[in-house]
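Asker: Each chain, written out:
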Amino acid sequence: MESPEEIRDRVQAGVPEAAVSVVANPGASAQHSLLAYPSHALQVALFLRDDPALRLDYCSNVTGVDWTDREVVEADPLAPERKVKRLQPGYLEVVYHLYSMAKGHGPVVLRMRTVNRSNQVTLPSLTPVWRSCEFQEREVFDLFGVVFAGHPDLRRILMWDEFKDHPMRKDYAEPDDYEWEPTPHGSVLEKARLHYPAPAAPAGEAKP
Amino acid sequence: MNIPGLPPIELAPGPQIRAVHDELHGDLLELSMGPHHPSTHGVFRMVVTLDGETVVKLKPVFGYLHRNHEKIAEATSYLASMPYTDRLDYLCSMTNNWAYALAVERLSGQAVPERAEYVRVILAELTRLLNHTCLAGFLLQDGGASGTPLMYAFREREKILDLFESLSGSRMMCNYQRFGGCRADPSPDWLAAASTLAEGYGRFLDEYEALLTGNEILMARTQGIGRLSPKLAVSAGVTGPMLRATGVGYDVRKVDGYGVYPRFPFRVPVGAHGDVYDRYMVRILEMRESIGILRQALRDIPAGPILDPKSKQRGLRPKAGEVYSRIEGPKGEIGFFLISDGGPNPYRYRVRPPSLVNLTILEDMCLGQSIADSVVILGSVDIVLGEVDR
Numbered sequence: 001m002e003s004p005e006e007i008r009d010r011v012q013a014g015v016p017e018a019a020v021s022v023v024a025n026p027g028a029s030a031q032h033s034l035l036a037y038p039s040h041a042l043q044v045a046l047f048l049r050d051d052p053a054l055r056l057d058y059c060s061n062v063t064g065v066d067w068t069d070r071e072v073v074e075a076d077p078l079a080p081e082r083k084v085k086r087l088q089p090g091y092l093e094v095v096y097h098l099y100s101m102a103k104g105h106g107p108v109v110l111r112m113r114t115v116n117r118s119n120q121v122t123l124p125s126l127t128p129v130w131r132s133c134e135f136q137e138r139e140v141f142d143l144f145g146v147v148f149a150g151h152p153d154l155r156r157i158l159m160w161d162e163f164k165d166h167p168m169r170k171d172y173a174e175p176d177d178y179e180w181e182p183t184p185h186g187s188v189l190e191k192a193r194l195h196y197p198a199p200a201a202p203a204g205e206a207k208p
Numbered sequence: 001m002n003i004p005g006l007p008p009i010e011l012a013p014g015p016q017i018r019a020v021h022d023e024l025h026g027d028l029l030e031l032s033m034g035p036h037h038p039s040t041h042g043v044f045r046m047v048v049t050l051d052g053e054t055v056v057k058l059k060p061v062f063g064y065l066h067r068n069h070e071k072i073a074e075a076t077s078y079l080a081s082m083p084y085t086d087r088l089d090y091l092c093s094m095t096n097n098w099a100y101a102l103a104v105e106r107l108s109g110q111a112v113p114e115r116a117e118y119v120r121v122i123l124a125e126l127t128r129l130l131n132h133t134c135l136a137g138f139l140l141q142d143g144g145a146s147g148t149p150l151m152y153a154f155r156e157r158e159k160i161l162d163l164f165e166s167l168s169g170s171r172m173m174c175n176y177q178r179f180g181g182c183r184a185d186p187s188p189d190w191l192a193a194a195s196t197l198a199e200g201y202g203r204f205l206d207e208y209e210a211l212l213t214g215n216e217i218l219m220a221r222t223q224g225i226g227r228l229s230p231k232l233a234v235s236a237g238v239t240g241p242m243l244r245a246t247g248v249g250y251d252v253r254k255v256d257g258y259g260v261y262p263r264f265p266f267r268v269p270v271g272a273h274g275d276v277y278d279r280y281m282v283r284i285l286e287m288r289e290s291i292g293i294l295r296q297a298l299r300d301i302p303a304g305p306i307l308d309p310k311s312k313q314r315g316l317r318p319k320a321g322e323v324y325s326r327i328e329g330p331k332g333e334i335g336f337f338l339i340s341d342g343g344p345n346p347y348r349y350r351v352r353p354p355s356l357v358n359l360t361i362l363e364d365m366c367l368g369q370s371i372a373d374s375v376v377i378l379g380s381v382d383i384v385l386g387e388v389d390r
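Those protein sequences? They're chains W and Z, same order as listed. The first sequence begins at 1 in the numbering used here and counts up by one. The second sequence begins at 1 in the numbering used here and counts up by one.
There could be a bad hint or two in this list.
[What the hints assert, rightly or not] Computed cross-link-like contacts, DSS-like style, restricted to lysine-lysine with a CA-CA straight-line distance of at most 27 angstroms:
| hint | chain 1 | residue 1 | chain 2 | residue 2 |
| --- | --- | --- | --- | --- |
| 1 | Z | K231 | Z | K59 |
| 2 | Z | K71 | W | K170 |
| 3 | W | K170 | W | K191 |
| 4 | Z | K71 | W | K191 |
| 5 | Z | K71 | W | K164 |
| 6 | Z | K231 | Z | K254 |
| 7 | W | K170 | Z | K319 |
| 8 | W | K103 | Z | K310 |
| 9 | W | K83 | Z | K319 |
| 10 | Z | K231 | Z | K71 |
| 11 | W | K103 | Z | K71 |
It should be emphasised that the hints constitute simulated quantities derived from the structure, not laboratory data. Being a predicted model, the structure only gives us computed values, none of them experimental.
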């Protein structure tokens with residue numbers, strides 16, 4: 001199969017208005033990926049599926065990744081000898097692993113990123129291109145909170161409908177739904193103390 | 001759902017149980033099958049809208065077994081997730097283990113000794129025998145053949161589980177694979193017992209097929225039922241025997257050639273109609289191919305270490321990077337997507353569950369079929385809720 005750079009150039013030639021870049025993977029597997037901008041991701045996906053040399057007709061895996069805000073230390077653009085800290089805002093990322101059943105090659109990794117993690121989390125749904133995204137995008141919506149525009153049936157899939165938060169996010173805090181259970185574990189007893197500050201002595205043991 | 005700064009998003013209404021009145025067509029009935037229906041293989045619900053007995057709409061509802069497996073795995077070390085992968089598809093813990101071990105090996109660049117590769121193939125093919133045998137039994141049970149086919153299947157399954165138990169210490173929760181090999185070396189006695197089983201399995205299949213394959217009731221209940229076109233199957237990411245029953249001969253063992261599979265000549269059986277009968281038949285034929293692979297692997301297995309001496313299990317910190325790695329599980333393509341940030345825990349851990357993706361087209365297969373057939377169709381998808389819900 002072609003290298004990610006060649007696929008990028010091919011996509012750029014086929015969909016000139018789309019800006020596609022290659023995200024390098026430094027790990028041992030060297031599965032590099034293509035980063036598509038959400039505005040033209042649907043055209044890029046259609047091109048990847050229908051291009052006669054690629055024919056990526058099978059979208060195997062769809063998943064989300066939560067990249068939190070992080071501090072990066074870099075050279076000051078005004079005075080390069082100084083280092084400055086900069087807060088790089090986090091984003092949510094959706095990763096598609098594409099294969100070709102017709103040609104027997106793959107994977108091509110396609111990524112999309114949201115603007116931030118709070119109020120601009122809409123990405124185009126690729127369910128119209130590959131039907132296998134239907135449930136998996138619902139799962140990403142459910143667990144990560146990415147809203148897929150154009151998804152035919154965007155509901156929660158694993159959590160219940162009334163659930164509020166998105167549990168796979170890195171900053172998800174479990175609700176304090178403590179229930180009493182007689183266990184000697186330290187953390188449970190700690191929680192019990194918070195919920196029942198002064199446990200009264202059992203009535204039966206009170207001395208006359 | 002509300003996101004600050006955006007207008008509220010209207011979500012599609014959740015499923016409800018109600019009777020819909022329509023003057024032209026009479027009453028449509030919305031029926032909730034499950035989560036405790038015996039034919040749903042666990043806690044799974046199908047919200048079916050019925051026109052008489054015909055299915056006009058079907059929405060699968062699941063998540064009852066959801067425990068956020070992925071979040072738990074992201075909070076623990078790489079090795080600590082290994083026993084937890086057993087619980088995904090609890091019939092096929094050996095292949096789950098292998099898929100996860102392979103992903104971590106590719107992420108951290110670890111080698112596997114040849115003997116371990118052979119043992120992995122042997123265990124994966126035994127798992128395939130076990131899973132397909134059980135599935136044929138369950139399918140027949142769903143079709144109304146109470147008892148006999150399922151008990152025959154379970155008799156054979158116990159023989160394989162005995163082998164697993166003597167090798168790993170556990171029948172179903174094997175926790176056997178390690179990064180860079182396997183946990184315990186199979187003894188010559190074990191290999192001899194596995195050979196005996198592989199030699200005798202063909203006779204069991206003959207017996208099973210004599211009972212079932214030409215059975216008129218089975219044919220009447222399954223032929224032409226739940227048809228799936230190859231085009232839709234490919235687009236919907238259906239894998240495993242369900243895909244091959246539609247005529248698409250896509251097998252990750254052949255395509256990726258992971259492990260030592262390229263050394264074994266075997267055929268990939270495909271169906272012609274994509275109906276429930278073809279799915280049953282493809283599984284039976286696949287079992288016969290598995291026996292051939294087993295026979296060859298048990299004959300050729302080399303001596304040597306079972307675990308790479310340089311392999312690292314505890315305190316594994318792979319270099320930053322990511323990997324998506326997949327194998328052909330009995331139910332379809334089971335894959336693991338891992339991202340490492342150089343720490344002791346995976347930054348992102350994702351399971352690609354074959355059962356969940358295969359459920360995507362459940363509605364398409366059931367539309368226009370009768371409610372009794374939807375039970376058989378679901379049975380032929382071969383789901384395990386431990387994996388669907390994770």
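Asker: Evaluate each hint against the coordinates.
Answerer: Taking the hints in turn, this is what the structure says about them:
no., hint, verdict
1, Z:K231 <-> Z:K59, "holds, 22 angstroms"
2, Z:K71 <-> W:K170, "holds, 9 angstroms"
3, W:K170 <-> W:K191, "holds, 23 angstroms"
4, Z:K71 <-> W:K191, "holds, 22 angstroms"
5, Z:K71 <-> W:K164, "holds, 17 angstroms"
6, Z:K231 <-> Z:K254, "holds, 21 angstroms"
7, W:K170 <-> Z:K319, "holds, 21 angstroms"
8, W:K103 <-> Z:K310, "violated, 37 angstroms"
9, W:K83 <-> Z:K319, "holds, 26 angstroms"
10, Z:K231 <-> Z:K71, "violated, 34 angstroms"
11, W:K103 <-> Z:K71, "violated, 35 angstroms"
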